[in-house]
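Those protein sequence lines, which keep their order, are chains A and B. First residue of the first sequence? That's 1 in my numbering, and the numbers climb one at a time after it. First residue of the second sequence? That's 148 in my numbering, and the numbers climb one at a time after it.
Since the hints were derived computationally from the structure, they do not count as laboratory data. Values in this document were obtained by computation on a predicted structure and should not be read as measured data. Glycine included, C-beta positions come from ideal geometry on N, C-alpha and C. One or more of the hints may lead you astray.
To be verified - 27 Å max Cα-Cα, derived BS3-like pairs, lysine-lysine:
no., chain 1, residue 1, chain 2, residue 2
1, A, K129, B, K210
2, B, K199, A, K67
3, A, K127, A, K99
Claimed, not checked - Quick list of simulated restraints, FRET-style, between CB atoms:
no., chain 1, residue 1, chain 2, residue 2, range
4, B, D200, A, N18, 23 to 29 Å
5, B, D179, A, K99, 48 to 54 Å
6, B, T201, A, D113, 22 to 28 Å
7, B, N158, A, S141, 19 to 25 Å
8, B, D200, A, F35, 33 to 39 Å
9, A, E46, B, N158, 19 to 25 Å
10, B, Q163, A, S141, 26 to 32 Å
11, B, K199, A, N71, 26 to 32 Å
12, B, I175, A, E112, 34 to 40 Å
Unchecked claim - So, partial list: chain B residues that the calculated Cβ filter (under 7 Å) puts toward chain A:
no., residue
13, Q178
14, L214
15, P216
16, V217
17, G220
One-letter residues, chain by chain:
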Amino acid sequence: MQYLELYDSSLEVEKITNRWYNDFRLSNFGAIITFVGVVRDEDGIEGLSFDIYEPILNSWFDSWQQKAKENNAIVLMAHSRGDVLNHTSSYIAAVCSPKRRVALELIDEFVEDFKASAPIWKYDIIKGKRVYALERSTAISGAGLLS
Amino acid sequence: MITIEFLGPINKKPLQVEITNLNELSEILKQDESLKSWLNNSAVAVNDTLVKDTNYILNDGDKVSLLPPVCGG
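Only chain A is shown next, with the shape it has when bound in the complex:
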């Protein structure tokens, strides 16, 4: 089973989250928490657009899966590539855990580290053009090595 899923354009949220629920409700997880990110209409953007570097995303995700496993939990993630229009979803994260507390803490850490470390680049779509969202982006730990 794929725990990390990438899609071109917006995510079909109901389909993905229902499938995760049905796949994992029988695995005796007492807590399944999903986080759904929705693109907001702000500053006149038509939507967002994303580039993803998959090799490092995969290793980042694998390290989180290992961390979850140490707590008898699993992490799940779906993300969009390319354009995602306002009021649709580009990102879903989930944690399945036997215990509520582990799931609540893990989803928080997982989503925050995703924002700071996952090799995904965001662009605003303004008048049909992609504009890199530098001011909302975070330099990866260790940045500036070649400066």
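We have chain A; now place chain B onto it with these hints.
Chain B in isolation, oriented as in the chain A frame:
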């Protein structure tokens, strides 16, 4: 030969260079004005593993990637 790739918004074609460590790469890339701000805020990976040491030894066939600031979700 070492391949240098520029990810995401840097929007620059890959380079092929003859170097043996990241210090040498830094000297080469600093000569490119268009890369100046990217060098300050980009992380570096060698063969898809992030590195934090400019003395890191590069071997023939290695791939170095520059990763500018990220924002998923």
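Right, here's what the structure says about each hint:
Straight-line distance between C-alpha atoms of A/K129 and B/K210 comes to about 30 Å, which puts the hinted pair past the 27 Å bound. The straight-line distance between the Cα atoms of B/K199 and A/K67 is roughly 22 Å, inside the 27 Å bound, and the hint therefore holds. At most 27 Å may separate the alpha-carbon atoms for a hinted pair to count; A/K127 and A/K99 exceed this at roughly 46 Å. Here the CB-CB span from B/D200 to A/N18 is close to 46 Å, at odds with the stated 23 to 29 Å.
Remark: the range hint 48 to 54 Å for B/D179 to A/K99 is upheld by a beta-carbon distance near 52 Å. Separated by about 25 Å at the C-beta atoms, B/T201 and A/D113 satisfy the suggested range of 22 to 28 Å. For B/N158 and A/S141, the hinted distance range of 19 to 25 Å is satisfied, since their beta carbons lie about 23 Å from each other. Under the hint 33 to 39 Å, the C-beta atoms of B/D200 and A/F35, about 35 Å apart, fit the expected range.
Checked against the hint of 19 to 25 Å, the pair A/E46 and B/N158 passes, with Cβ atoms roughly 21 Å apart. Our hint of 26 to 32 Å for B/Q163 and A/S141 holds, since their Cβ atoms are close to 28 Å apart. At roughly 28 Å, the beta-carbon separation of B/K199 and A/N71 lies within the given 26 to 32 Å, and the hint holds. For the pair B/I175 and A/E112, the supplied restraint of 34 to 40 Å holds, since their beta-carbon distance comes to about 35 Å.
For B/Q178, the suggested interface contact is broken, since its CB lies about 12 Å from the closest CB of chain A, more than 7 Å. Below 7 Å, beta-carbon pairs count as interface contacts, and B/L214 has one with chain A at about 6 Å; its hint therefore holds. Against a cut-off of 7 Å between C-beta atoms, the interface hint on B/P216 holds, since the closest Cβ of chain A lies about 4 Å away. Interface restraint check for B/V217: the shortest CB-CB distance to chain A comes to about 6 Å, inside 7 Å, so the restraint holds.
Taken as an interface hint, B/G220 checks out: its beta carbon lies about 4 Å from the nearest beta carbon of chain A, inside 7 Å.
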